[in-house]
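**Student:** Those sequence lines, one after another, are chains A and B. Heads up: the first sequence runs through residues 1 to 255, numbered per this note's numbering. Heads up: the second sequence runs through residues 256 to 518, numbered per this note's numbering.
Heads up, a few of these hints could be off.
Unchecked claim - List time: in silico BS3-like cross-link candidates among lysine-lysine, alpha-carbon distance up to 30 angstroms: (1) A:Lys233 with A:Lys182; (2) A:Lys224 with A:Lys234; (3) A:Lys73 with A:Lys233; (4) A:Lys233 with A:Lys18; (5) B:Lys421 with A:Lys182; (6) A:Lys82 with A:Lys198; (7) A:Lys81 with B:Lys421; (8) B:Lys460 with A:Lys224; (9) A:Lys75 with B:Lys421; (10) B:Lys421 with A:Lys48; (11) A:Lys48 with A:Lys82; (12) B:Lys460 with A:Lys18; (13) A:Lys66 with B:Lys270; (14) B:Lys421 with A:Lys77; (15) A:Lys198 with A:Lys182; (16) A:Lys82 with B:Lys421; (17) A:Lys66 with A:Lys233; (18) A:Lys198 with A:Lys48; (19) B:Lys460 with B:Lys516; (20) B:Lys421 with A:Lys55; (21) A:Lys224 with A:Lys198; (22) A:Lys73 with B:Lys421.
Keep in mind the hints are simulated off the structure, nothing from the lab.
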Amino acid sequence: MNALEVNNVTKIFPDGTKALNSVSFEIKRGEGVVLLGHNGSGKSTMFKNIAGFEKPSDGSIFINNKEITQLGKSKFKPIRKKLGMVFQNFHLIYNLSVFQNVLFGRMGYHRNFLSVTTPFASAENRERAMSCLERVGLAHLAGRRADQLSGGQQQRVAIARMLMQDPEIILADEPIASLDPKAGREVMELLWEIVEEKSWTVLCILHQTDIAMEFGERLIGLNKGEVVLDGSKKTISKKDLSNLYYHDELRMKHS
Amino acid sequence: MNQHTSMPPRFKLPKLPAIFLLVIFTFLFIMGIQHAQLSFERIINGIINMLHFIGSAFPPNPERITSISSAMYETFQIALVGTVIGVVLSLPVALLASHNTAPHPSIRWISRGAVSAMRTIPDLIWALIFVISVGLGPLAGILTIIVDTIGFCARFFSERIEEIEKGPSQALQSTGASQIGIVSGAVLPLGFPSFVGTSLFAFEKSIRSAVVLGLVGAGGIGVELSTAFTMRNFDEALMIIVLILVVVILFEQLSSSIRKKII
């Protein structure tokens, strides 16, 4: 069964830029896929369209076999609950506590906002938040303000928030791009461990080809809004990857 | 390389509209100076009168210090009550007036229009309107400060709300949060330090306004000040001015130290 299905998705911005040109791929449940491509290749646009932050100009997207392409906000909400996201810049509420940030992961489960706030959360939610923080190794920092943590720790808090949400499909948009190599690797290892342990599906945008080769079972490469590479790690060579990133430049150098 | 490269000039000639505006501005400025009927004689007379005032005002007269102090206390209360209610009302108004939180563009335009009207009409005019509606006294003053505070705070709150980074809101949206959840969980906490800073500024501003409001009968120390001037009790007037100065400066210091701690 497919967790995610992208059919001929095209995205044209109001200024006429074609960011995605008839992109299609399917991701099976439990698959770990890395999406690669240089800046402007359409990766982030693809991410935003799957996440529902933008609507495709043409084509359709299915999450757990349900079409989300033209869903309104309220109908998308229950699907969002199953879609966990990790962002490049963590997107924590930086002036609130780590614990509070993790509690917010449960927002989709409660109609009353107060149920996910530190003073009013149920004992169950409070315990769940602590165990999510323990899982990412930050339980001892629960009471700290989020912006007092290092970049790597903040990304781990964001992962704990995502764990709190208990999703099925993870979308990660360059989760290690703003971290140093060591912290980046630790975050990637943690994220992948959790994803494997829970058998979640993951679509992760990355820039680092070496990390992509190490973690992704399958790699999809985008160039100028089109899929130019799609296959399991075993079938993709380093040359394929370097072509994906340097192809244009090489051609320019030769001309 | 067939691209044209040229060094940018040191100075750029101003554009025609800019020159046009400058001419109009200069003309109005000169007309304004003429209109004030500035003359050497008037300036000298003014200085003499000022010295005369200072001479008869010194030393400040503390005879009526108890009634002056209680009027100052009333002014402080008008400012406090008006600002607190104004700040509380400003939050929902600001949310309705910001493009990223307004439920519909038409609601945003209506709220923005209302806020602009509150800000554009000066507080003394609001005070006159409220004195007519609810009668002389502190209530008219409080209502004036409320309107004034909404005009000030709702605008700055809304500017801050519109500046707030999209990311954290998207992160909460991605957990399946409702619009109320996103606003309460991301927008309000992220804007909070700025809201507090703006509110403290609003309170400083309110104390200064509340002082003047008494001049039109909206309660507080202004009545005392206006009476002292009319009766030509300049020493008492100076006492009142000193008291106002002390209270305003004290609060400004306090508010700037709170602001530093929060932001």
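**Student:** Next step is simple, just say for each hint if it's right about the structure.
**Tutor:** Here is how each hint holds up against the structure:
| no. | hint | in the structure |
| --- | --- | --- |
| 1 | A:Lys233 with A:Lys182 | holds, 23 angstroms |
| 2 | A:Lys224 with A:Lys234 | holds, 25 angstroms |
| 3 | A:Lys73 with A:Lys233 | violated, 36 angstroms |
| 4 | A:Lys233 with A:Lys18 | holds, 29 angstroms |
| 5 | B:Lys421 with A:Lys182 | holds, 28 angstroms |
| 6 | A:Lys82 with A:Lys198 | holds, 13 angstroms |
| 7 | A:Lys81 with B:Lys421 | holds, 19 angstroms |
| 8 | B:Lys460 with A:Lys224 | violated, 55 angstroms |
| 9 | A:Lys75 with B:Lys421 | holds, 22 angstroms |
| 10 | B:Lys421 with A:Lys48 | holds, 13 angstroms |
| 11 | A:Lys48 with A:Lys82 | holds, 16 angstroms |
| 12 | B:Lys460 with A:Lys18 | violated, 51 angstroms |
| 13 | A:Lys66 with B:Lys270 | violated, 58 angstroms |
| 14 | B:Lys421 with A:Lys77 | holds, 18 angstroms |
| 15 | A:Lys198 with A:Lys182 | holds, 25 angstroms |
| 16 | A:Lys82 with B:Lys421 | holds, 21 angstroms |
| 17 | A:Lys66 with A:Lys233 | holds, 28 angstroms |
| 18 | A:Lys198 with A:Lys48 | holds, 24 angstroms |
| 19 | B:Lys460 with B:Lys516 | holds, 20 angstroms |
| 20 | B:Lys421 with A:Lys55 | holds, 17 angstroms |
| 21 | A:Lys224 with A:Lys198 | violated, 34 angstroms |
| 22 | A:Lys73 with B:Lys421 | holds, 17 angstroms |
The structure fails to meet hints 3, 8, 12, 13, 21 from the earlier list, while all remaining hints are met.
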